[in-house]
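K.L.:
Residue numbers (the working numbering), protein chains in the order written: chain A, 1 to 334; chain B, 1 to 255; chain C, 1 to 743.
Derived by calculation from the structure, the hints in this document are not laboratory data.
In this text, a Cβ means the ideal position worked out from N, Cα and C, and glycines have one as well.
Fair warning: there could be bad hints in the mix.
To be verified - Below are the EDC-like pairs computed for lysine to aspartate or glutamate, each with C-alpha atoms no more than 20 Å apart in a straight line:
#1 A:K197 - C:D655
#2 C:K534 - A:E322
#3 A:K293 - A:E322
#4 A:K334 - A:D260
#5 A:K263 - C:D649
#6 C:K206 - C:D183
#7 C:K430 - A:E159
To be verified - From chain A, some residues computed to sit far from chain C (all C-beta separations above 12 Å):
#8 E212
#9 I233
#10 P299
#11 T319
#12 K331
Here are the chains, one letter per residue:
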Amino acid sequence: MQHIVIVGILVIVMAVLTYFGLDSIGLMPVEASAQAVSIDWLWNWQVIAMSFLFALIVVPLVYSLVVFRRKKGETGDGEHIEGNTSLEIAWTVLPLFAVLAFAYMGAYSLGETNRVDPDAIEIRVKAQQFAWTFEYPEYGIVSTELHLPLNQQVVLKMESADVIHSFWVPEFRVKQDVVPGRVTEYRITPTLVGDYKVRCAELCGTSHAYMEAGVIVDTKGDYAAWIAEQAAIAAASQTPEGQGQILSVKYGCLGCHSIDGSKLTGPTWFGLYGSNVELDNGTSVVADDAFIKESILDPNASVVAGFPSPSVMPPYTLTDEEIANFIAYLKTLK
Amino acid sequence: MSHLLDKSSAFRQGVVIFVYLAVLTALEYFVAVTFKAISILVVVAILKAALVMYYYMHIYKLNEEGGSDAHSYAYKTGTNRLGLWLFLLSDSFVFAGLMTARINLLGLTRPHLNQTLGLAVTAVLLISSFFMNRGETAMAHGDKKGFMTNTLVTFLLGLGFLLGVVAVEWPLAAEEGLTASSNAVGAVFYMMTGMHAFHVFTGLIFLIVVWNNARKNIYSSEQNWGVEAAAVYWHFVDLVWIFFYPALYLIGTAL
Amino acid sequence: MKKISPVVRGWLSFAIGFIVAYILGIGLVYLVNGSLAYSHLVSWIFATFAGAAAYSWGASGFSPLTKGLAWMNLGALVGFALGLVIDLIVQGSLNWVAPTASLFALLFGFTAFFLGVAGFNAVSKGLIWQISGTLLGAIFISIIRVVMGLEWSGPFLFTEPAWVLGGFLGVIFFLSGNGSVSDWFKWAKGIDTPEHHEESHAGWEKYLNISLDHKVIGIQYTVTALFLISVGGLFALVFRTELAASQLQFLTTDMKLFGQNGPQLYNTFMSLHGMIMIVSILLGMAGITNFVVPLLLGAQDMAFPRLNAFAFWISVPASVLLLMSLILGGFDTGWTGYPPLSVRAPMGIQMFFLGVFTAGWSSILGALNVIVTVMRMRSKGMTAFRMPIFVWAAIATSIIALTATQFIGLSFQLVMFQRLLGMGFFDPAKGGNPVLFQHLFWFYSHPAVYVFILPGLGVISELLPVFARKPLFGYRWIAMSSLAIALVGFLVWAHHMFTSGMNEYLRVPFMYSTLLVAIPTGVKFFSWVATLWKGKIWAPTPMLFVLGGIVVFLLGGLTGPPNATVSIDLHLHDTYFIVGHFHDTIFGGFVFPFFAALYYWFPKATGRRMNETLGKIHFWLMTPSFFILTFGMMRIGLLGMRRRIVDYDPALNFDATHLLLTVMGYLIAISVLVFIYNFFNSIKNGEKAEGNVWNSRSPEWQVPSPMPTHNYDQPFEVVGEPYDYGLPGSKYVEFSAPAKSRH
Ligand code: HEA
Ligand code: HEA
Ligand code: CUA
Ligand SMILES: [Cu+2]
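For reference, chain A alone in the conformation it holds in the complex (with noise of 0.2 Å):
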């Protein structure tokens, strides 16, 4: 009796050491969406049961060891128990009903983040190897950045190009993985201003670790007057160039490709227009309309030296309207 006295403050005390030292480490990252006030409310819960049964093994496990470890020159055996039928009932059916509470309790959670406001703003998300572009379709702005405006839901409409991605901003919690062949939904209201990334969360290929792209939460105001400055900027881009500077946006070109001479998964696209380009197999070509349209529209028949062959950018099949523009963009570029 003595011993399970002793081993039950013990329990209580590492259990209540445990917790508070790993919340006063600061576990999660800040919490900037009103779907993580809930995760972050279970995930405390977690953190509570897994310090208490860490506790509740570990102590007497160690305690065991100590007090009952045989002697020197002891020969004997411990004390003839088999078992103990009510013992065994009480923790088969109290873990039991401790789990059917975390389950209602995560199921209750997961409404919450799920929770549907129906003025939220929508927002399409389009993920390639290895790129995110963001659409706000009321406005036709195309942006390789995502702004939010503060504490308004937004639903992200997303789809893939080519394989699975997963879009996860951590200070938001949520992730959903983007799949090819169909729209996933991710339903986030913003609390906090700042700057945060969304990282590619499922592996989609050599350059996944790079996968990730700014998320700016914006205060309504400024929110307001970046959608207006975007918004300016779609109208007065009618000219091919400015047309062009968007698809590339749009399709997630400039994911592979540098407008700025730095090399990417792809090669630049500054000066590239009108160069003299090396191919992997020795020849060189001039850089005309004709290279380019190639190039989009069949990626593998020339590969530029230097370049993993087969080629790793996607053939696109575009308008030749689209690709005047784009050609019209790389002129810009020198």
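Please build the complex by placing chains B and C with the ligands on the supplied structure of chain A, with the hints as guidance.
P.N.:
Okay, now just chains B and C with the ligands, sitting in the frame of chain A:
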């Protein structure tokens, strides 16, 4: 091996079960072309499977211990039988997986296939099971000749089924535009029939082996585990088709 | 010279061998290539293997091992040269890192090793046949392609269909060439074979040959598993080194090896680490089960000795296929191989799929054998609830392995066919469904995680009473909990798919079912603690690993329910928190108990015991490092560290933690090296221990070690409960005549 039945009633039992199975298959076909009740199709398939498992595959023999002498042939046969059934259990998970894929990808539609041919190959496989049963029963009663003849018929019917699927049905389907790479429907169709055909193929080899061994007088009415194994395996292949046939030919609307 | 210790001599030779080979390597590369590109890489590999041979020579003269290692070097060189020449002919240019050359070096080196050690034996013969079969199949398809007017060669010499058929044929050739199926062929021809064969070889050579003795097969499995753990661990060390700091260290985008650039290579290493480790678990636990179960039951052997041997031997070509995938282009999908990524992945994925498929058969057939053995081969009086508890664990494991394994085989086959024939199972453009794959895959791979741990938990339950000197608390509850875990385990697979976009309404039911697994697992934990309570505990090395296993597995288990709670998993999914979770469960449920079992049954197998001091060093080095490793993983995981990334954002401030994790990974590796040394050294030099070393009640310890081919000289009858420690006069088994000592 214990003989629950004398030779002629064992044969008679085989005939009766065959008639049941044939009638149920006809019923299936009838349901599929008239009022399309999937629940009936499922029930009928389960009923057929139960008949085959009990009367053709003798699942109840799993209960036979085979005596207490661990080195006796009977005891070892009991052990082997358990092993074979576990293998079939494992194998059936492959087919269950394919069925899952079929349900997930095709739902309440099915590939557009030649119904007559489907019914024909199904009938051929069913009849082959009947002859397999006769062959096995013959051997269990020490009738080597009866075994050899019936097994040969089983083999030929099995070959007919295999060719019917692979050499007739496949090209027919391909002609209609259903190829392995055309779409998910084609993929499912060729994978399911292909996997089943592969099992039929191994079953045929198994039949040749036991037939040849019987020729060499290796089996007797007491010691014929090889024959029993081949028969059970053959019926298992039939069992799979009991589910695959409605899944591919009968359930849902044709695309 | 005589006075210098062999170890010192060994290291001296190692140093010399290494340096000479290194310089030679650089010179050779320069001579042929005219530049020093890749020379360090080539020389490093060259020198390490040469050094190993030199070490062995210095330490033990011309022992079989020395010969093996020397032959391995030669074989690898010859293979490499041959590969270079072939590549030169086909591609028209000399390429030092050509995959063909590396592949030939790997295969030839392996084969030559076993040839050198003991001439023609089942391994070397099998490997020679596998290589021939692979080439034959590949050439066959290539010829067909030429006839059809298609391209026959590619960056990996042959095209993908050619390698796939080749790989498949290689396995078949291995098995028919090394004799593991010859009895079956005889049966098919109507020729009877004796029920047991006399052992064809004596001494250690029998482990390289086909044996039908379950004890030999158990050891064959175990050693293969240790080899795979080392390879998988080595891969972990490679990619952990890359992760030690943010930015790309040596796996840069500019490097190129086996047709892959750095980040791709990272993915290949990471994925292969996962799968090779998993295969090693399956083989390791099959090893323990094979060795122990017939002994515990009082059976002469497993129910189907030939099937048993077959199940082991098929795992050898499977492992070779897995390693081939690294060289034939690798694959960047993780061990889960989700399409559509795996449909687009490089060709290595096909070898990976084939390898897993083949290894799966090993698992299925082994499980079948275990179930039949337990049902049919128990000794007299051994009723269900008098079986040693490990047997219950083995049964529960086998139920899963027997059935569910087919699903991973099938899911991988479907992707293989999609790649080869364009079948659109998972291609949305053709009406396929990528999420279907995940269901098929996890229907196996979740229950599989219980395959990893149930035998391990069985080992814990089996050993605890021996070292606590007390009956196992609640025997029946523990026995039933294994079954419960196995059966409930079938109903929870979709908890890996909470974020996958599957049907929303499936998530909550799967949360409930998953959480239910905590209950039978909890029963085990509570019962273990109650077993220890008021015992007379002593803690030699096996017991240390048992205790370590309990605590580590507890940590892993307790981090399971947060994952299972859907809303929290939305945050945790695909982060290092999950990585921490499963390293804890796997180490606690497999690695620790595996080591415990090895230390515990080692005397039974060899008649000697392993060194206690080294065992304790192993434990005390591994355990704290491991705790730090997984705590660190979980911490950064919560803060935003994704899985399966070669590089992380420096802004996240994870550099220090990652460095720590890498160091811990190395410490674990060192502790494993200590173990490996202890293991092989004790076989020869260990303290003699032929009696009941641990003072256990279990039948196998009532007779002298090691045991003869057909186990017990006298059959025994079960007359009492297995774990009645502390009950004076009680007995578990009684031999029909007093078991006589063979010495
Ligand atoms: C050995 C292997 C092993 C074991 C035993 C477990 C055990 C468990 N696992 Fe784990 N798991 C893996 C290996 C394992 N897992 C692997 C490899 C992955 C990643 C796969 C991949 O994606 O690559 C994974 C991933 C994984 C996920 C998916 C995470 C994600 O990717 O998003 C989930 C989600 O539910 C999960 C849950 C659980 C649960 C609930 C248990 C339970 O069985 C744990 C039960 C045990 C306890 C709970 C502790 C003891 C109990 C008590 C003391 C009683 C009282 C307890 C309570 C009342 C809670 N695991
Ligand atoms: C048995 C299972 C097992 C074991 C033992 C380990 C052991 C280790 N694992 Fe493993 N790990 C997995 C199973 C396992 N892992 C799985 C399934 C994955 C998921 C893969 C995926 O996402 O697809 C994973 C993923 C994984 C990751 C995540 C990678 C990523 O997501 O990018 C990391 C990162 O640190 C890691 C680290 C380690 C380390 C440091 C060890 C250390 O313990 C290793 C210690 C070293 C050894 C045990 C070897 C010692 C021996 C030698 C050095 C001798 C060599 C000599 C010769 C060859 C003769 N593992
Ligand atoms: Cu996209 Cu990872
Ligand atoms: Cu799981």
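K.L.:
Straight-line Cα separation of C:K206 and C:D183 no greater than 20 Å?
P.N.:
Holds: C:K206 and C:D183 sit about 18 Å apart, inside 20 Å.
K.L.:
Verify this label for me: A:K331 is non-interface relative to chain C, using a Cβ-Cβ cutoff of 12 Å.
P.N.:
29 Å, holds
K.L.:
Can we confirm that no CB of chain C comes within 12 Å of the CB of A:T319?
P.N.:
At about 20 Å from chain C, A:T319 clears the 12 Å cut-off, so the statement holds.
K.L.:
Is the Cα-Cα distance between C:K430 and A:E159 20 Å or less?
P.N.:
17 Å, holds
K.L.:
For a C-alpha distance cap of 20 Å, please report whether C:K534 and A:E322 respect it.
P.N.:
Cα-Cα ~80 Å, so violated.
K.L.:
Beyond 12 Å from every chain C Cβ: check whether that's true for A:I233.
P.N.:
28 Å, holds
K.L.:
For the pair supplied as a hint, A:K197 and C:D655, confirm whether the alpha-carbon distance does not exceed 20 Å.
P.N.:
Status holds; Cα separation ~18 Å.
K.L.:
Would the non-interface assignment of A:E212 survive a Cβ cutoff of 12 Å against chain C?
P.N.:
7 Å, violated
K.L.:
Is the nearest Cβ of chain C still more than 12 Å from the Cβ of A:P299?
P.N.:
14 Å, holds
K.L.:
Compare the distance between the alpha carbons of A:K334 and A:D260 with 20 Å, and conclude whether the hinted pair is satisfied.
P.N.:
Distance ~9 Å between A:K334 and A:D260 Cα, so the pair holds.
K.L.:
Could you grab the alpha-carbon distance between A:K263 and C:D649 and see if it respects the 20 Å cut-off?
P.N.:
19 Å, holds
K.L.:
Under the criterion that the straight-line Cα-Cα distance not exceed 20 Å, is the pair A:K293, A:E322 satisfied?
P.N.:
Holds, because 10 Å separates the two Cα atoms, which is no more than 20 Å.
In terms of the numbered hints stated before, the structure departs from hints 2, 8, listed from lowest to highest.
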